[in-house]
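Engineer: In the order they appear, the protein sequences are chains A and B.
Under the numbering used here, think of the first position of the first sequence as 1, with each following residue one higher.
Under the numbering used here, think of the first position of the second sequence as 1001, with each following residue one higher.
Calculated from the structure, these hints are not laboratory results.
One or more of the hints may lead you astray.
What the hints assert, rightly or not - Straight line, CA to CA, 25 Å or less: simulated SDA-like cross-link-like pairs of lysine to any residue: (1) A:Lys12 with B:Glu1117; (2) A:Lys84 with B:Glu1121; (3) A:Lys68 with B:Ala1080; (4) B:Lys1002 with A:Gly8; (5) A:Lys84 with B:Val1127; (6) A:Lys12 with B:Cys1035; (7) B:Lys1002 with A:Phe40; (8) B:Lys1002 with A:Glu119; (9) B:Lys1002 with A:Ser120.
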Amino acid sequence: MTEESAGGTVKKFLYVNRKAPYGTIYALESLEVVLIGAAFEQDVSLAFVGDGVYQLAKGQDTKGLEVKNFSPAFRALEDYDVNKLYVDDESLRARGLTAEDLVVPVEVVSAERMAEIMESQDVVLSF
Amino acid sequence: MKLGILVNEGPYTHQASDSAYQFAKAALARGHEICRVFFYHDGVNNGTRLTVPPQDDRNIVKRWSELAAEHKLDLVVCIAAAQRRGLMDKAEAKRHGKDADNLAPGFRISGLGQLIEAGIEADRMVVFGD
Chain A
1 MTEESAGGTV
11 KKFLYVNRKA
21 PYGTIYALES
31 LEVVLIGAAF
41 EQDVSLAFVG
51 DGVYQLAKGQ
61 DTKGLEVKNF
71 SPAFRALEDY
81 DVNKLYVDDE
91 SLRARGLTAE
101 DLVVPVEVVS
111 AERMAEIMES
121 QDVVLSF
Chain B
1001 MKLGILVNEG
1011 PYTHQASDSA
1021 YQFAKAALAR
1031 GHEICRVFFY
1041 HDGVNNGTRL
1051 TVPPQDDRNI
1061 VKRWSELAAE
1071 HKLDLVVCIA
1081 AAQRRGLMDK
1091 AEAKRHGKDA
1101 DNLAPGFRIS
1111 GLGQLIEAGI
1121 EADRMVVFGD
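Here chain B stands alone, though its shape is the one from the complex:
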């Protein structure tokens, strides 16, 4: 089955991102395809490479990056939600005259159309939120 995933909450405060990750991993292990993981609302914060969780805790951002690298996942961060929350890639930082960028490897920034497109393309769209 072709799956789309929407993550609506940031890392650590809510379980949504953990659940989405576990679901994605389990689905891939069972041979399902994930056409896109879309990060919206505070979910965009799953894409910052500047998180430094305690060493004895899971690294949520790194885990997504690694899963993306292993399975060629398309991790998309909503541009409008990201701009509000200070998440940007190099191109965005340059465009807005900011002195830093923080998008983690394996993530890309794009528009809400990518969410709708995933809904159209996927057999099932699964939402993880609060």
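In isolation and in its complexed conformation, chain A is listed as follows:
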């Protein structure tokens, strides 16, 4: 799994996002790790499961909460070469959402496929 490149070790990092974007800080601080981590040029993937799928939902309005709507930052991930975003199909459907309701293009995957993706990683950080 681990590859050696000219710049050093390249590992497969998976960030597992399990929580809704607001209500707790996990989602925001997870995204902060992804953005900082991008500088390390690792093989990065993001997974969204459970309420974590709400992080990608279009049309977030946080004015009443007095917290920042950070969902536009997901659109910037491409600039950081982070473009493997996996969303759990069952979680999405249970919440009445489809891939069209999300702010970025994602790969919607079954629970079995998600398990395979997790299995193939070197480092799994779950938030």
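Chain B: place on chain A using the hints.
Structural biologist: Just chain B, lined up with the frame of chain A:
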């Protein structure tokens, strides 16, 4: 085996820090190496030297400090998470014009890059959270 540990919850409210400590202690006892323990989210609160738990309870912060001293552990508190939650060392307090600092012995404050670096360096990264 070389291990990295991530602690995502603060002391006492969640078991994550207790579990991480017990895991670290057991791993060290079995001869494994711990390259870094990184504290993130409310986990940074494990690094405040101002906790005063009841005398008949475990002292979670002190326990980490002692384990670090005994095994030369690298206990790193995320700077961004720490700033939000009012955790700082002397240098940070001075930089932000604060009249106090509260980082416990054996801990140091640094950036999220230290977490990624631990993930790269360790054979296994173990996450303790909620």
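Engineer: Can the restraint linking Lys1002 (chain B) and Ser120 (chain A) be considered satisfied, given a maximum Cα separation of 25 Å?
Structural biologist: holds (19 Å)
Engineer: Hinted pair, alpha-carbon criterion (25 Å max): Lys1002 (chain B), Phe40 (chain A). Please report holds or violated.
Structural biologist: holds (20 Å)
Engineer: Can you confirm whether the C-alpha distance between Lys1002 (chain B) and Glu119 (chain A) stays at or below 25 Å?
Structural biologist: Judged against 25 Å, a Cα distance of about 20 Å means the pair holds.
Engineer: Measure nothing beyond the straight line between the CA atoms of Lys12 (chain A) and Cys1035 (chain B); if it is 25 Å or shorter, mark the hint as holding.
Structural biologist: holds (19 Å)
Engineer: Is the hinted pair Lys84 (chain A) and Glu1121 (chain B) satisfied, with a Cα-Cα distance of at most 25 Å?
Structural biologist: holds (23 Å)
Engineer: Can the restraint linking Lys12 (chain A) and Glu1117 (chain B) be considered satisfied, given a maximum Cα separation of 25 Å?
Structural biologist: Holds - the C-alpha atoms of Glu1117 (chain B) and Lys12 (chain A) are around 13 Å apart, at most 25 Å.
Engineer: Verify the proposed pairing of Lys1002 (chain B) with Gly8 (chain A), using a straight-line Cα cut of 25 Å.
Structural biologist: Within the cut-off at roughly 18 Å; holds.
Engineer: Hey, Lys84 (chain A) versus Val1127 (chain B), does the alpha-carbon distance stay inside 25 Å?
Structural biologist: Judged against 25 Å, a Cα distance of about 22 Å means the pair holds.
Engineer: Given the hint that Lys68 (chain A) pairs with Ala1080 (chain B), does the C-alpha gap stay at or below 25 Å?
Structural biologist: Holds, because 16 Å separates the two Cα atoms, which is no more than 25 Å.
Checked against the numbered hints above, the structure breaks none of them.
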